[in-house]
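J.: Chain by chain, the residues run as shown.
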Amino acid sequence: MARLLAQARFVIGALALALILAIAAPAVAQQPTGVNPNAASVKEEQLLKGLKIISGRGTIPDTKSYNLEQPAGRDWRQFHNVTLRWTGAIAILGMLLLLVVFYLIRGQVKLESGFSGRRIVRFNAFERFIHWVTATCFIILAISGLNITFGRSLLLPLIGESAFAGWSQWAKYAHNYLSFPFTIGVVVIFLMWIAGNIPNRVDVEWLKRGGGIVGHDHPPAYRFNAGQKAIYWSQIIGGVAIAVTGYVLMFPFYLTDIAGMQTAQMVHAIVAVLFVALMLAHIYIGTIGMEGAFEAMGEGTVDVNWAKEHHSLWLEQEMARTGPNESQRQPMATPAE
Amino acid sequence: MKSFVLACVAAIVVAGIAGFALNSVQKPADQAYSTTGVRL
Numbered sequence: 001m002a003r004l005l006a007q008a009r010f011v012i013g014a015l016a017l018a019l020i021l022a023i024a025a026p027a028v029a030q031q032p033t034g035v036n037p038n039a040a041s042v043k044e045e046q047l048l049k050g051l052k053i054i055s056g057r058g059t060i061p062d063t064k065s066y067n068l069e070q071p072a073g074r075d076w077r078q079f080h081n082v083t084l085r086w087t088g089a090i091a092i093l094g095m096l097l098l099l100v101v102f103y104l105i106r107g108q109v110k111l112e113s114g115f116s117g118r119r120i121v122r123f124n125a126f127e128r129f130i131h132w133v134t135a136t137c138f139i140i141l142a143i144s145g146l147n148i149t150f151g152r153s154l155l156l157p158l159i160g161e162s163a164f165a166g167w168s169q170w171a172k173y174a175h176n177y178l179s180f181p182f183t184i185g186v187v188v189i190f191l192m193w194i195a196g197n198i199p200n201r202v203d204v205e206w207l208k209r210g211g212g213i214v215g216h217d218h219p220p221a222y223r224f225n226a227g228q229k230a231i232y233w234s235q236i237i238g239g240v241a242i243a244v245t246g247y248v249l250m251f252p253f254y255l256t257d258i259a260g261m262q263t264a265q266m267v268h269a270i271v272a273v274l275f276v277a278l279m280l281a282h283i284y285i286g287t288i289g290m291e292g293a294f295e296a297m298g299e300g301t302v303d304v305n306w307a308k309e310h311h312s313l314w315l316e317q318e319m320a321r322t323g324p325n326e327s328q329r330q331p332m333a334t335p336a337e
Numbered sequence: 001m002k003s004f005v006l007a008c009v010a011a012i013v014v015a016g017i018a019g020f021a022l023n024s025v026q027k028p029a030d031q032a033y034s035t036t037g038v039r040l
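Note that the protein sequences, when read in sequence, are chains A and B. In terms of this note's numbering, the numbers along the first sequence are unbroken and rise by one, the last being 337. In terms of this note's numbering, the numbers along the second sequence are unbroken and rise by one, the last being 40.
Please note: incorrect hints may appear among the correct ones.
[To be verified] Output of the computed footprint for chain B on chain A, the stretches with three or more beta carbons under 8 angstroms from beta carbons of chain B:
1. 61-70
2. 91-103
3. 125-133
[As the list claims (entries may be wrong)] Below, in silico cross-link-like pairs of lysine to any residue (SDA-like), each with a Cα-Cα straight-line distance of 25 angstroms or less:
4. 27(B) x 285(A)
5. 2(B) x 285(A)
6. 64(A) x 28(B)
Calculated directly from the structure, the hints in this document are not laboratory data. Keep in mind that this is a model prediction, so the values were computed, not measured. Note that beta-carbon positions come from the ideal geometry of N, C-alpha and C, so glycine has one too.
Take these sequences, add in the hints, and give me the full structure.
T.: As structure tokens, this is what we get:
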């Protein structure tokens with residue numbers, strides 16, 4: 001009898017334990033995981049979502065300092081620290097990779113008919129001057145701008161805090177000050193070359209035939225082909241976008257509030273990294289990508305055969321305007337500078 | 001090459017003028033964002 005009672009107690013005890021565990025398990029699963037769902041935190045979250053800016057009171061002249069928290073700033077910080085870095089890295093490194101692969105597959109676009117020794121003026125001194133003002137400024141603006149996005153991650157570990165601080169300070173000065181000659185250059189280029197950059201039917205044919213870049217065809221083109229027109233309009237539209245947003249950032253809060261500043265910075269940065277990627281392609285085709293191309297902007301003249309292969313309609317116009325004997329005869333084509 | 005050198009010189013000159021103009025228009029943060037009672 002005593003043994004039977006002991007077995008009954010054991011079974012009842014086991015059932016009770018199982019019941020307690022069964023009831024306790026959901027309670028364990030519902031334990032908080034770091035978030036305290038009390039009224040205070042719920043109100044704070046609602047405040048952050050509902051208000052653009054949480055402000056207090058102050059006494060100093062700068063009323064913007066009264067703003068305690070701007071919840072949208074978190075989105076901007078996420079963009080600046082993560083999205084922009086990925087976008088920039090993919091755009092710039094992707095373009096570099098693309099150009100390397102293209103060069104390895106296609107090689108340099110050669111002058112198939114060879115150098116004739118006769119040269120024709122492609123860009124006059126003023127055009128080259130403006131081009132180089134804009135180009136040199138752009139290169140320094142690009143390097144100093146990329147330093148803002150990538151410098152802390154890539155350069156700081158290499159050169160140390162002191163050198164990085166000094167370099168970044170001068171880079172920022174250069175970025176601000178050289179924006180002015182760059183902007184002037186963009187405006188003058190717009191006015192100087194717009195007549196030759198209006199799209200026309202020849203561009204459609206040029207694009208259909210791969211522009212002579214893909215394959216070995218030589219589709220006709222006037223002074224600027226469809227590829228150059230694409231670069232021109234990208235440079236004008238991108239340059240204006242970069243200049244406007246850059247000056248908004250350079251004169252903080254003159255024209256807009258903090259949300260506008262953040263939007264300006266995002267537009268400035270995204271257009272800038274895409275601009276850098278595009279200009280890498282422009283630099284490639286103007287230097288190692290095409291034989292005889294750099295001379296056009298380096299010394300202002302090109303070989304007549306080069307003009308015949310790449311800008312046949314422009315050569316015809318020039319010959320009709322100046323006569324065939326106006327082109328200079330030179331013993332040998334000069335190498336690219 | 002001559003155009004390139006001239007372009008570099010022109011860019012530096014314009015940047016210098018811009019720098020001078022900017023520094024005369026904008027005040028340092030310690031002046032722009034504080035009263036005379038602030039000691040920095």
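J.: Evaluate each hint against the coordinates.
T.: Consistency of the hints with the structure:
Counting residues of the stretch 61-70 of chain A whose CB falls under 8 angstroms from any CB of chain B gives 3; the rule of at least 3 is met. By the rule of at least three residues with a Cβ nearer than 8 angstroms to a Cβ of chain B, the coverage given for the stretch 91-103 of chain A is violated, with 0 such residues. Judged by the Cβ-Cβ criterion of 8 angstroms, the stretch 125-133 of chain A is covered by chain B as claimed, because 7 of its residues qualify and three suffice. Of the pairs offered as hints, the one joining residue 27(B) and residue 285(A) is violated, with about 44 angstroms between alpha carbons and a cut-off of 25 angstroms exceeded.
For the hint linking residue 2(B) to residue 285(A), the alpha-carbon distance of about 22 angstroms falls within 25 angstroms, and the restraint holds. Of the pairs offered as hints, the one joining residue 64(A) and residue 28(B) holds, with about 16 angstroms between alpha carbons and a cut-off of 25 angstroms not exceeded.
Violation of the numbered hints given earlier is confined to hints 2, 4; the remaining hints are satisfied by the structure.
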